[in-house]
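Asker: All you need for the numbering used here is the position in the sequence shown, starting with 1, plus 151.
No lab work stands behind these hints: they were computed from the structure. Among these hints, one or two may not hold up.
List time: in silico SDA-like cross-link candidates among lysine to any residue, alpha-carbon distance up to 20 Å [said to hold, decoys possible]: (1) Lys408 <-> Thr388; (2) Lys468 <-> Glu537; (3) Lys468 <-> Leu480; (4) Lys389 <-> Ala482; (5) Lys448 <-> Cys467; (6) Lys371 <-> His443; (7) Lys448 <-> Gly431; (8) Lys389 <-> Glu327; (9) Lys408 <-> Asp580; (10) Lys468 <-> Thr442; (11) Lys408 <-> Thr392; (12) Lys389 <-> Glu379; (13) Lys408 <-> Asn583; (14) Lys408 <-> Asp518; (15) Lys359 <-> Pro369; (16) Lys448 <-> Tyr372; (17) Lys213 <-> Ser318; (18) Lys408 <-> Leu577; (19) Lys371 <-> Thr388; (20) Lys371 <-> Ser447; (21) Lys408 <-> Ser516; (22) Lys213 <-> Arg321; (23) Lys448 <-> Asp580; (24) Lys389 <-> Ser318; (25) Lys359 <-> Glu379; (26) Lys408 <-> Glu521; (27) Lys213 <-> Arg334; (28) Lys468 <-> Asp455; (29) Lys213 <-> Ala224; (30) Lys389 <-> Arg334; (31) Lys408 <-> Gln576; (32) Lys389 <-> Ser447; (33) Lys371 <-> Asn440; (34) Lys448 <-> Ile464; (35) Lys458 <-> Ser516; (36) Lys458 <-> Lys468; (37) Lys448 <-> Glu521; (38) Lys468 <-> Arg456; (39) Lys408 <-> Thr581.
Just so it is clear, the structure is predicted and the values come from calculations on it, not from any experiment.
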Amino acid sequence: MRDRLRSLARLVLPRSVRRWMLTTWSIARSPGRWTIVRRKLQALPQRLLSLVATALSIAVLKLAIWLAPAVGAVRLRRGQPRSLWGVTPILTLQLKSRADRELGFRSTSLVYVTYVITSRFDLNLQRPYMLALRFGLGLAFQRLVLAWALVRYDVFHFFADRGLLDSTERLQINSEELAALRRAGKRVYIYAYGADVRTRLATLALGKWNFCVDCTEPPKYCACHDAEAQHYVSELTKSVTALVSLGDMLTYMPAAKHINYWPLDLDRFNVVLPDAPPSGPLRIAHAPNHTHFKGSKYLERTIDRLKVQGYDIEYCKVQGVPNSEVLALFAQSDIVADQFIGGAYGYTALEAMALGKPVLSYVRSADLVEAPEECPIINATPDELEQALLWVIRNRDSLRTIGEQGRRYVERWHSISAIAARLGQLYRDTANFPPAVVDRIRCQQEQEEARRNAIPLVRNWQHPFQIARQPVSEGLSALAGTTPR
Numbered sequence: 152m153r154d155r156l157r158s159l160a161r162l163v164l165p166r167s168v169r170r171w172m173l174t175t176w177s178i179a180r181s182p183g184r185w186t187i188v189r190r191k192l193q194a195l196p197q198r199l200l201s202l203v204a205t206a207l208s209i210a211v212l213k214l215a216i217w218l219a220p221a222v223g224a225v226r227l228r229r230g231q232p233r234s235l236w237g238v239t240p241i242l243t244l245q246l247k248s249r250a251d252r253e254l255g256f257r258s259t260s261l262v263y264v265t266y267v268i269t270s271r272f273d274l275n276l277q278r279p280y281m282l283a284l285r286f287g288l289g290l291a292f293q294r295l296v297l298a299w300a301l302v303r304y305d306v307f308h309f310f311a312d313r314g315l316l317d318s319t320e321r322l323q324i325n326s327e328e329l330a331a332l333r334r335a336g337k338r339v340y341i342y343a344y345g346a347d348v349r350t351r352l353a354t355l356a357l358g359k360w361n362f363c364v365d366c367t368e369p370p371k372y373c374a375c376h377d378a379e380a381q382h383y384v385s386e387l388t389k390s391v392t393a394l395v396s397l398g399d400m401l402t403y404m405p406a407a408k409h410i411n412y413w414p415l416d417l418d419r420f421n422v423v424l425p426d427a428p429p430s431g432p433l434r435i436a437h438a439p440n441h442t443h444f445k446g447s448k449y450l451e452r453t454i455d456r457l458k459v460q461g462y463d464i465e466y467c468k469v470q471g472v473p474n475s476e477v478l479a480l481f482a483q484s485d486i487v488a489d490q491f492i493g494g495a496y497g498y499t500a501l502e503a504m505a506l507g508k509p510v511l512s513y514v515r516s517a518d519l520v521e522a523p524e525e526c527p528i529i530n531a532t533p534d535e536l537e538q539a540l541l542w543v544i545r546n547r548d549s550l551r552t553i554g555e556q557g558r559r560y561v562e563r564w565h566s567i568s569a570i571a572a573r574l575g576q577l578y579r580d581t582a583n584f585p586p587a588v589v590d591r592i593r594c595q596q597e598q599e600e601a602r603r604n605a606i607p608l609v610r611n612w613q614h615p616f617q618i619a620r621q622p623v624s625e626g627l628s629a630l631a632g633t634t635p636r
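Just need the whole structure built from these sequences, with the hints factored in.
Answerer: Laid out in structure tokens, this is it:
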């Protein structure tokens, strides 16, 4: 009889339930058994719920993979593609979705969690996701979201650190998800934002100034391990439509498409140019998300040295505050200090230029910049910061012109419509869309080119600190003889 019951249990019950029953029986024969048994019995409903939810979510996902190609094909024949941007909650995610809409796509930005910087996303699943986690159903919930997305969307845009399913590997997209997207015939684009692809040896090889030069906690913030990250990027290349990168991230994804994908909602930025004529102390604003990676200590040491020499400087730094507070600080400044060791400017620099503020940053080479001959960033490494700030102090009358050029630069190259045109070219090169979709993309690109050409540069524009790296003797020669006022 006992053997028959065991055989029946093997046929009917999942292994995890059988293991739980055997554990419970062994506990029942030990001292203090009734307390332990009671707790096990209380946990049984949640355990069974988790098993049922897991099985159901897997079944639904398999059904979605089967249905998705046919449903997507109907949408594309009608010229109505849909795109999803997720799920890393960076500031520009929702703006990228808006860029796709300018191409005629139905597009959504989706996140599971948000940071203090912003909560402006089209679909924020934080509440239902946290509820699912509370009951141990997080992965089942995410599988259902993926199943829904496979049927609803044709194009998927993710950053390299995560997708719709949590991964057991740090800063990587779940391999189960990549397989599902591939089997469903989806167009998948993977982007980099920095830490998700940055590795230590490749970074140290960039030269004296780089993100790893002073790092005391590898690999806390970045991918870090070169071999592991290279293998991951190689696997991504086989699984997705295209990798996309920009700026310093091209070092770690050399085979990626080079597209500048940082858009600005220029309607949010009211231009506040530096005072003319200048008055009062030179007001420098700095808003690092992490002081080490922005080279904040080099900036602050330089400012302290100049103050000791008698220069009138007012320095204000904010960190970990909403984006609206950062922009308010920038509006009150004369110049914005971005970052000084990474070798490429960040989104902060674009926001500052949108406000009409000059920007001080370090850009390693001209090919990391869109239209470098137009870009007005005052370029300086930590070694050059003191000379660069002395130039700014001596030439404060020029800051207004630099601010005007910065605003025109982002209007021409970083508006939502400008990013839409670049995404459109990416689609034309890689997505194999039907002619109706391609024609609509081409029309938007023509309109964007006309819009950009209608925005002139500042008259007789010539920046004394070109983005292209120059020898210090040439680029900073105007600083000779600078003295405190």
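Asker: Determine for every hint whether it applies to the structure shown.
Answerer: Against the structure, the hints come out as follows:
Our distance criterion of 20 Å between C-alpha atoms is met by Lys408 and Thr388, whose separation comes to about 11 Å. Distance restraint check for Lys468 and Glu537: the Cα-Cα separation of roughly 18 Å lies within the 20 Å cut-off, and the hinted pair is therefore satisfied. With a C-alpha separation of about 9 Å, the suggested pairing of Lys468 with Leu480 holds against the 20 Å cut-off. Only pairs whose Cα atoms come within 20 Å are accepted, and Lys389 paired with Ala482 is rejected, the gap being roughly 45 Å.
Restraint check: the Cα-Cα separation between Lys448 and Cys467 comes to about 13 Å, which is no more than 20 Å; the hinted pair holds. Restraint check for Lys371 and His443: the C-alpha separation of about 13 Å stays at or below 20 Å, so the hint holds. With a C-alpha separation of about 25 Å, the suggested pairing of Lys448 with Gly431 is violated against the 20 Å cut-off. About 14 Å separates the Cα atoms of Lys389 and Glu327, which keeps this hinted pair within 20 Å; it holds.
Distance hint between Lys408 and Asp580 is fulfilled; the C-alpha atoms sit about 10 Å from each other, no more than 20 Å. Simply put, Lys468 and Thr442 have alpha-carbon atoms about 10 Å apart, close enough for the 20 Å limit, and the pair holds. With a C-alpha separation of about 11 Å, the suggested pairing of Lys408 with Thr392 holds against the 20 Å cut-off. For the suggested pair Lys389 and Glu379, the alpha carbons sit about 16 Å apart, so the restraint of at most 20 Å is met.
Distance hint between Lys408 and Asn583 is fulfilled; the C-alpha atoms sit about 16 Å from each other, no more than 20 Å. For the proposed pair Lys408 and Asp518, the alpha carbon gap of about 13 Å is at most 20 Å, so the pair holds. Taking the CA atoms of Lys359 and Pro369, the gap is near 18 Å; set against the 20 Å cutoff, the hint holds. A threshold of 20 Å between alpha carbons decides the hint, and for Lys448 with Tyr372 the separation of about 18 Å falls inside it, so the pair holds.
At roughly 19 Å between alpha-carbon atoms, Lys213 and Ser318 fall within 20 Å of each other, so this suggested pair holds. Annotation: proposed proximity of Lys408 to Leu577 holds, straight-line Cα distance about 8 Å (limit 20 Å). Of the supplied pair hints, the one linking Lys371 and Thr388 is violated, its CA atoms being roughly 25 Å apart against a limit of 20 Å. Taking the CA atoms of Lys371 and Ser447, the gap is about 19 Å. The hint holds against a cut of 20 Å.
Proximity of Lys408 to Ser516 is assessed by CA-CA distance (about 18 Å); at most 20 Å being required, the pair is judged to hold. Restraint check for Lys213 and Arg321: the C-alpha separation of about 26 Å exceeds 20 Å, so the hint is violated. With a CA separation close to 43 Å, the supplied pair Lys448 and Asp580 exceeds the 20 Å bound. For a cut-off of 20 Å, the pair hint linking Lys389 to Ser318 stands: about 18 Å separates their Cα positions.
Between the alpha carbons of Lys359 and Glu379 the distance comes to roughly 24 Å, so the proposed pair goes past 20 Å and is violated. Among the hinted pairs, Lys408 with Glu521 is consistent with the structure: their alpha-carbon atoms are about 14 Å apart, no more than 20 Å. Distance hint between Lys213 and Arg334 is fulfilled; the C-alpha atoms sit about 10 Å from each other, no more than 20 Å. Between Lys468 and Asp455, the direct Cα distance comes to roughly 14 Å. Compliance with the 20 Å bound is thereby established for this hinted pair.
Proximity of Lys213 to Ala224 is assessed by CA-CA distance (about 18 Å); at most 20 Å being required, the pair is judged to hold. With a C-alpha separation of about 13 Å, the suggested pair Lys389 and Arg334 falls inside the 20 Å cut-off, and the hint holds. Distance check on the hinted pair: Lys408 and Gln576 sit about 11 Å apart at the alpha-carbon level, within 20 Å; holds. For the hint linking Lys389 to Ser447, the alpha-carbon distance of about 39 Å lies beyond 20 Å, and the restraint is violated.
This hinted pair checks out: Lys371 and Asn440 have alpha carbons roughly 15 Å apart, not beyond 20 Å. Straight-line distance between C-alpha atoms of Lys448 and Ile464 comes to about 16 Å, which keeps the hinted pair within the 20 Å bound. Annotation: proposed proximity of Lys458 to Ser516 is violated, straight-line Cα distance about 31 Å (limit 20 Å). Restraint check for Lys458 and Lys468: satisfied, since their Cα atoms lie roughly 16 Å apart, inside the 20 Å limit.
Annotation: proposed proximity of Lys448 to Glu521 is violated, straight-line Cα distance about 28 Å (limit 20 Å). The straight-line distance between the Cα atoms of Lys468 and Arg456 is roughly 17 Å, inside the 20 Å bound, and the hint therefore holds. Restraint check for Lys408 and Thr581: satisfied, since their Cα atoms lie roughly 10 Å apart, inside the 20 Å limit.
Checked against the numbered hints above, the structure breaks hints 4, 7, 19, 22, 23, 25, 32, 35, 37 and satisfies the rest.
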